[in-house]
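Number of protein chains: 2
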Amino acid sequence: MAEEIRIALDAMGGDNAPGEIVNGAVNAVMHNQGMRIILVGKQDDVSKAFEDAKKTAAAGSGKSKDPSVKVFGDWEERISIRNASEVIGTAEHPVEAIMHKRDSSMVTALTMVKKGEADAMVSAGNSGALMVGGQGIVGRIRGVQRPPFGTLIPTKRGALLLVDSGANVDARPQFLAQWAKMGSIYVENALGIRKPKVGILNVGAEEEKGNQLVKDTFPLLKKMNEDGEINFVGSTEAREVPEGTVDVLVCDGFAGNVLLKMYEGTAKVLLSVVKEGIYSSTRSKIGGLLIKPALKKTLKKFDSSQYGGAPILGLSGLVVKMHGSARAKEAERAMQQCVEFYNLKIADRINEYAQAEKKKQDAERAAAKAAKSAEGE
Amino acid sequence: MAEEIRIALDAMGGDNAPGEIVNGAVNAVMHNQGMRIILVGKQDDVSKAFEDAKKTAAAGSGKSKDPSVKVFGDWEERISIRNASEVIGTAEHPVEAIMHKRDSSMVTALTMVKKGEADAMVSAGNSGALMVGGQGIVGRIRGVQRPPFGTLIPTKRGALLLVDSGANVDARPQFLAQWAKMGSIYVENALGIRKPKVGILNVGAEEEKGNQLVKDTFPLLKKMNEDGEINFVGSTEAREVPEGTVDVLVCDGFAGNVLLKMYEGTAKVLLSVVKEGIYSSTRSKIGGLLIKPALKKTLKKFDSSQYGGAPILGLSGLVVKMHGSARAKEAERAMQQCVEFYNLKIADRINEYAQAEKKKQDAERAAAKAAKSAEGE
Numbered sequence: 001m002a003e004e005i006r007i008a009l010d011a012m013g014g015d016n017a018p019g020e021i022v023n024g025a026v027n028a029v030m031h032n033q034g035m036r037i038i039l040v041g042k043q044d045d046v047s048k049a050f051e052d053a054k055k056t057a058a059a060g061s062g063k064s065k066d067p068s069v070k071v072f073g074d075w076e077e078r079i080s081i082r083n084a085s086e087v088i089g090t091a092e093h094p095v096e097a098i099m100h101k102r103d104s105s106m107v108t109a110l111t112m113v114k115k116g117e118a119d120a121m122v123s124a125g126n127s128g129a130l131m132v133g134g135q136g137i138v139g140r141i142r143g144v145q146r147p148p149f150g151t152l153i154p155t156k157r158g159a160l161l162l163v164d165s166g167a168n169v170d171a172r173p174q175f176l177a178q179w180a181k182m183g184s185i186y187v188e189n190a191l192g193i194r195k196p197k198v199g200i201l202n203v204g205a206e207e208e209k210g211n212q213l214v215k216d217t218f219p220l221l222k223k224m225n226e227d228g229e230i231n232f233v234g235s236t237e238a239r240e241v242p243e244g245t246v247d248v249l250v251c252d253g254f255a256g257n258v259l260l261k262m263y264e265g266t267a268k269v270l271l272s273v274v275k276e277g278i279y280s281s282t283r284s285k286i287g288g289l290l291i292k293p294a295l296k297k298t299l300k301k302f303d304s305s306q307y308g309g310a311p312i313l314g315l316s317g318l319v320v321k322m323h324g325s326a327r328a329k330e331a332e333r334a335m336q337q338c339v340e341f342y343n344l345k346i347a348d349r350i351n352e353y354a355q356a357e358k359k360k361q362d363a364e365r366a367a368a369k370a371a372k373s374a375e376g377e
Numbered sequence: 378m379a380e381e382i383r384i385a386l387d388a389m390g391g392d393n394a395p396g397e398i399v400n401g402a403v404n405a406v407m408h409n410q411g412m413r414i415i416l417v418g419k420q421d422d423v424s425k426a427f428e429d430a431k432k433t434a435a436a437g438s439g440k441s442k443d444p445s446v447k448v449f450g451d452w453e454e455r456i457s458i459r460n461a462s463e464v465i466g467t468a469e470h471p472v473e474a475i476m477h478k479r480d481s482s483m484v485t486a487l488t489m490v491k492k493g494e495a496d497a498m499v500s501a502g503n504s505g506a507l508m509v510g511g512q513g514i515v516g517r518i519r520g521v522q523r524p525p526f527g528t529l530i531p532t533k534r535g536a537l538l539l540v541d542s543g544a545n546v547d548a549r550p551q552f553l554a555q556w557a558k559m560g561s562i563y564v565e566n567a568l569g570i571r572k573p574k575v576g577i578l579n580v581g582a583e584e585e586k587g588n589q590l591v592k593d594t595f596p597l598l599k600k601m602n603e604d605g606e607i608n609f610v611g612s613t614e615a616r617e618v619p620e621g622t623v624d625v626l627v628c629d630g631f632a633g634n635v636l637l638k639m640y641e642g643t644a645k646v647l648l649s650v651v652k653e654g655i656y657s658s659t660r661s662k663i664g665g666l667l668i669k670p671a672l673k674k675t676l677k678k679f680d681s682s683q684y685g686g687a688p689i690l691g692l693s694g695l696v697v698k699m700h701g702s703a704r705a706k707e708a709e710r711a712m713q714q715c716v717e718f719y720n721l722k723i724a725d726r727i728n729e730y731a732q733a734e735k736k737k738q739d740a741e742r743a744a745a746k747a748a749k750s751a752e753g754e
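If you read the sequences in order, they're chains A and B. Heads up: the first sequence begins at 1 in our numbering, then just goes up one per residue. Heads up: the second sequence begins at 378 in our numbering, then just goes up one per residue.
To be clear, the hints were calculated from the coordinates, so they are not data collected in a lab. Mixed in with the good hints there might be a few duds.
Cut-off 20 Å, straight-line C-alpha distance, at most; resulting in silico cross-link-like pairs (PhoX-like, lysine-lysine) [claimed, not checked]:
#1 B:Lys645 with B:Lys533
#2 A:Lys156 with B:Lys645
#3 A:Lys300 with B:Lys737
#4 B:Lys737 with B:Lys749
#5 B:Lys673 with B:Lys652
#6 B:Lys674 with A:Lys275
#7 A:Lys268 with B:Lys645
#8 B:Lys737 with A:Lys297
#9 A:Lys360 with A:Lys372
#10 A:Lys195 with A:Lys222
#11 A:Lys275 with B:Lys737
#12 A:Lys268 with B:Lys652
#13 A:Lys301 with A:Lys268
#14 B:Lys678 with A:Lys268
#15 A:Lys296 with B:Lys652
#16 A:Lys55 with A:Lys329
#17 B:Lys749 with A:Lys275
#18 B:Lys669 with A:Lys296
#19 A:Lys300 with B:Lys645
#20 A:Lys275 with B:Lys678
#21 A:Lys345 with A:Lys369
#22 A:Lys300 with A:Lys268
Can you build the whole structure from these sequences, using the hints too?
Written as structure tokens, this is what we have:
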């Protein structure tokens with residue numbers, strides 16, 4: 001059996017914390033072996049949420065109506081609470097929040113990873129603070145320039161990894177090149193896709209199109225493709241994303257965030273308009289009842305909560321960001337994701353890559369230094 | 378009666394040219410007075426498309442089944458053909474295409490506007506070339522730094538003007554400030570919205586969020602708001618766009634293009650998945666038949682072709698860009714749009730604003746020069 005993974009869960013982060021987050025944690029330990037969850041947050045609030053979650057679980061066996069879903073009897077032993085007296089709010093300034101709220105649930109959970117008291121941490125809280133804390137407390141792997149958020153998004157053909165989905169709103173070509181490689185490692189291991197197709201988000205299919213960042217990144221990705229490091233397929237227009245024409249899509253965090261939120265916003269509004277249409281007449285209401293089961297089934301593959309959270313790629317420990325609006329299902333999936341990430345040794349593979357990058361960077365620096373001193377002679 | 382507007386239509390641009398484009402032109406003159414259309418393109422191809430369109434029109438009276446749609450008897454007199462032997466392809470390099478294909482339908486139509494032989498030009502061809510040709514041939518209004526594409530997109534609450542939707546992929550704060558004002562003028566006049574709400578596309582609601590461009594643009598927009606020039610409401614996240622929380626959304630052309638194409642791509646894929654769900658069983662197929670009329674009605678407001686094309690704001694003449702995939706309906710709407718744009722004197726209002734900007738720029742330059750010469754003394 002694989003070793004047991006200890007996950008520090010920020011029980012206070014997100015719009016639906018602690019209730020939904022704790023519910024998700026309870027479901028996760030009930031349905032999965034190999035994990036231990038430490039709920040980090042205000043003792044009273046978290047205890048109460050935990051008691052409520054236990055009641056819900058006792059009533060409905062983890063809400064699952066599917067008899068094939070096994071409940072592991074030892075689950076209660078694998079969940080515990082760690083007190084943290086402060087909470088970082090969504091609107092707080094990231095750096096200030098991390099610096100000053102040392103006893104917040106987020107900082108405490110990150111510190112547990114740093115100290116080796118946890119193997120992973122998961123949060124639905126302030127993204128900016130999580131990125132600052134991830135780098136400042138857990139630390140960046142040497143060789144990785146800027147860790148990005150890697151978000152799996154649903155497409156017609158399965159999942160696509162969007163990297164960066166919002167961490168680095170001003171990016172440089174070298175960052176994107178590293179994200180392409182780390183994203184490929186993640187997708188190859190987590191989704192089992194061999195030689196994942198990497199695209200760069202662009203405004204047209206032709207190579208000469210794009211803003212300066214895209215134009216400067218293009219040759220780097222082409223070179224990596226020639227060297228067999230990644231499988232780069234060129235420019236990808238936003239309209240292709242829902243079709244799933246690539247497996248990994250690299251872009252700066254600003255464009256990535258716009259893309260991700262436009263996806264969510266459009267899906268939400270369109271489905272509400274479809275519903276509105278259905279409820280607008282008796283005739284169509286009857287039709288709506290008839291199509292409901294089939295529609296539910298086909299739309300299921302577009303439910304983003306099935307993919308859990310977005311890991312920050314390139315940190316020395318596993319830090320996973322969930323949506324601010326995450327509910328129990330996404331939280332449960334994020335916990336499972338931590339176990340997979342760990343057991344598939346994705347961090348080790350990113351580490352190997354980062355070491356090679358580090359060597360390359362050192363060699364470049366040494367060469368530059370040598371050239372400079374030769375000039376001086 | 379308003380004066381007659383002469384529109385030079387690039388009959389060769391776009392995926393469905395000349396057939397659908399010419400069809401749209403025929404429908405436009407049939408259903409609207411006050412416009413004259415010159416079809417610009419290869420004589421043989423355009424003549425043939427025109428004959429076909431006439432046959433279709435004769436058979437179906439402009440395809441309209443609605444008896445209230447009036448057909449103006451003089452329509453054939455108001456449409457003519459101008460030969461142009463070359464065509465600019467979608468994948469061609471914009472500057473080279475405009476420089477070398479002097480007898481292309483696009484360059485010819487733009488030159489007609491420049492020479493005063495037409496009051497407006499419309500094209501579904503190469504966007505980059507249209508932007509280069511628009512500035513190089515028709516010319517920029519003095520005082521306007523970079524003309525953007527202003528695209529009306531459908532939302533739950535009506536139309537929203539996205540500016541820039543793809544012309545300037547690398548932008549500066551001052552550009553966005555001008556787009557906010559020109560966009561406000563356009564929306565105020567074309568849609569009759571008083572004090573349109575202007576938002577800046579951002580990755581979060583808080584003022585400290587955003588990339589460098591957004592952070593640098595924010596104070597300019599706030600200042601314009603204080604001065605009563607625009608009604609700036611702050612950051613707008615992409616997820617709010619389909620809800621229609623603002624009337625004018627400013628952003629660089631890269632992010633704008635990603636947003637626009639993600640909107641179109643997501644809508645297309647989601648509706649195809651809904652359809653797929655409906656066709657997956659007999660039960661749901663029957664349901665599908667029952668909901669069809671109601672659904673069609675509610676989804677109609679999300680049909681982007683109802684808004685026609687995207688005018689380039691800030692040129693000395695009216696140049697309108699349609700989707701590369703434009704069909705007859707969008708072309709017809711784009712022609713009507715030209716008439717509205719003209720009759721509402723939107724260009725005059727943008728001109729007034731540009732003159733004020735020019736004066737401001739001249740004053741700033743003079744002040745800088747004076748300061749420099751004072752320093753030199």
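Would you list, in rising numerical order, the hints stated earlier that this structure does not obey?
-> Checked against the structure, the hints that fail are numbers 3, 8, 11, 17 and 21, while the rest are satisfied.
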